[in-house]
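A.B. asks: The chain contents come next:
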Amino acid sequence: MKPAPIWLGIFAIQLALVSTVTAEDEYPRYKPSSGSPLALDIRSNSYGASRDAPHALGIGAVVPDFEVPKVGGGSVSLDKLREQGSVVIVFYRGHW
Amino acid sequence: MQLGELQNQIDRFTTRGVSVVALSVDEPEASTVMQKRLGLSFDLGSDPQQDLVKAFGVQNPDTRELAIHAVYIVDKDGSVFYRKVGRRRPVSQELLDAVDAHRGDYPRTDEKVRPRKRIAVDFPTNYFQALLNVIQVERLPASVNEDAFNRVYSIIQRGGSDDALIAFKVFAARSVRADQKALFDAASWLTHLLFFVDQPEAIKAGRNLAQRLRRVQELESQIEANSANPNEKDALQQTLAKARAGLSEARAAISANAAEWRLDRAKTTMRGYRAVAGAEINMRLKQ
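In the order they appear, the protein sequences are chains A and B.
By this note's numbering, the letter at position 80 of the first sequence is numbered 80, and the numbering carries on one by one without gaps.
Offset between the second sequence (1-based) and this note's numbering: plus 96.
Hint data in this document are derived by calculation from the structure and do not stem from the laboratory.
Don't be surprised by glycine CBs; every beta carbon is placed ideally from N, CA and C.
Please note: incorrect hints may appear among the correct ones.
Listed next, the in silico PhoX-like pairs over lysine-lysine satisfying Cα-Cα at most 20 Å (straight line) [stated by the list, open to error]:
hint, chain 1, residue 1, chain 2, residue 2
1, A, Lys70, B, Lys300
2, A, Lys70, A, Lys80
3, A, Lys80, B, Lys172
4, B, Lys150, A, Lys70
5, B, Lys300, B, Lys363
Taking beta-carbon pairs under 10 Å as the criterion, some of the chain B residues facing chain A (in silico) [what the hints assert, rightly or not]:
hint, residue
6, Ser127
7, Leu140
8, Gly141
9, Asp147
10, Pro157
11, Lys172
12, Val176
13, Tyr178
14, Arg184
15, Asp196
16, Glu314
17, Glu316
18, Ala331
19, Leu332
Here are the in silico distance ranges between beta carbons for each label pair [claimed, not checked]:
hint, chain 1, residue 1, chain 2, residue 2, range
20, B, Arg303, A, Pro64, 53 to 61 Å
21, B, Ala348, A, Pro37, 36 to 44 Å
22, B, Ser137, A, Ala39, 29 to 37 Å
Turn these sequences into a full structure, and let the hints steer you where they fit.
C.D. replies: Here is the structure:
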């Protein structure tokens, strides 16, 4: 049997490369933790889940509106911030 | 994600019309210093009753008084389109990617990414002076500005907050004359405050251990100094044996409570602080 020409192989590899790049460009992928073997679609529910907080609100959940005291005086309310667009909400503690 | 990193990139959120709010369980006053030091322009909300921590389901399983680190991005209607709870903390780029992807505008190519810049530390000198003295509370000289001392002390005492770490980092950065031992002492002291300030028994056990350790060391050096006098040496050896027995009792009492006092976590945290202290020293040596 005659072996397939080498250019066909190269073409196939290039095609594969191009298609993976396009697929990856469609949505961002990150590793959920530094030890994770795979980068996941960050829009997925499993990407940001944590075993330590099994009941944390997930993708698609509607978060409760809040109004809490603000550092420096006054208060900050989610419904006001939402009027302007998307809102990033960070729960922070120490750096450890 | 560290709030300073987020601040560096805040313009990129603003141009997308995205607001940022950071929530902690500290009282609002507790974070003023951090806000000023990092130059944070976005809102810092305070949730001391943990209503939001509970509503989002992000209570810390280890210490119920704290939130687990979590980032949510919600749309105009309040629905979550990105979340990252615990584990690796996302950097700003990831959050921006999530926003762009949600809008069908990923990857964005029209944006120049600015390199990260260092934020200048603006911390009153008195605070540093006070911090220097925090590590020597029992030998507090009369000349120390008591008000400044109390303020820093209360920041550190709030345990588990960013403020404690920042207080320590500022201490390390500003303490030009401090040697490695002073910084390591500060590390131990901060750990002590973070983990044991609400646990009088742990503090008592720690003091007991320190006292007994000091006693053993004293006796050992006495024996070495008196090595020519055989009569006294025997008596000292006996005292030393007793002191050593007391020391191992004190050690046993502490390891019996290791789990309850979260000693493993305390040790890890102290290693972290000490790494910071060591890095500061190395940096100074290079300069």
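A.B. asks: Under 10 Å, Cβ to Cβ, is where Pro157/B needs to be relative to chain A, so tell me if that hint holds or is violated.
C.D. replies: Pro157/B check passes; min Cβ-Cβ to chain A is 5 Å, inside 10 Å.
A.B. asks: Check whether the Cα positions of Lys70/A and Lys80/A lie no farther apart than 20 Å.
C.D. replies: The hint holds at about 14 Å.
A.B. asks: Can the hint on Arg184/B be confirmed by a CB-to-CB distance to chain A that is less than 10 Å?
C.D. replies: holds (5 Å)
A.B. asks: Once the shortest beta carbon distance from Leu332/B to chain A is found, is it less than 10 Å?
C.D. replies: It is violated, given that the least Cβ distance between Leu332/B and chain A is near 44 Å, above 10 Å.
A.B. asks: So, as I understand it, the hint says Glu314/B touches chain A; can you test that by seeing if any CB pair is closer than 10 Å?
C.D. replies: violated (36 Å)
A.B. asks: If I claimed the Cβ atoms of Arg303/B and Pro64/A lie 53 to 61 Å apart, would that claim hold in this structure?
C.D. replies: About 45 Å separates the Cβ atoms of Arg303/B and Pro64/A, which means 53 to 61 Å is violated.
A.B. asks: Is the shortest C-beta separation between Val176/B and chain A less than 10 Å?
C.D. replies: For Val176/B, the interface hint holds, since the closest Cβ of chain A sits about 5 Å away, which is under 10 Å.
A.B. asks: Taking 10 Å as the limit, does the beta-carbon of Leu140/B come near enough to a beta-carbon in chain A?
C.D. replies: Constraint on Leu140/B satisfied, holds at 4 Å.
A.B. asks: When you check the alpha-carbon spacing of Lys300/B and Lys363/B, does it fall within 20 Å?
C.D. replies: holds (18 Å)
A.B. asks: Between Lys80/A and Lys172/B, is the straight-line Cα distance small enough, at 20 Å or below?
C.D. replies: holds (10 Å)
A.B. asks: Using the beta carbons of Ser137/B and Ala39/A, state whether their distance is inside 29 to 37 Å or not.
C.D. replies: Holds: the Cβ-Cβ distance is about 31 Å, inside 29 to 37 Å.
A.B. asks: So, Gly141/B near chain A? Judge it on the closest CB pair being under 10 Å.
C.D. replies: holds (4 Å)
Consistency with the previously given hints fails for numbers 1, 16, 17, 18, 19, 20, ordered from lowest to highest.
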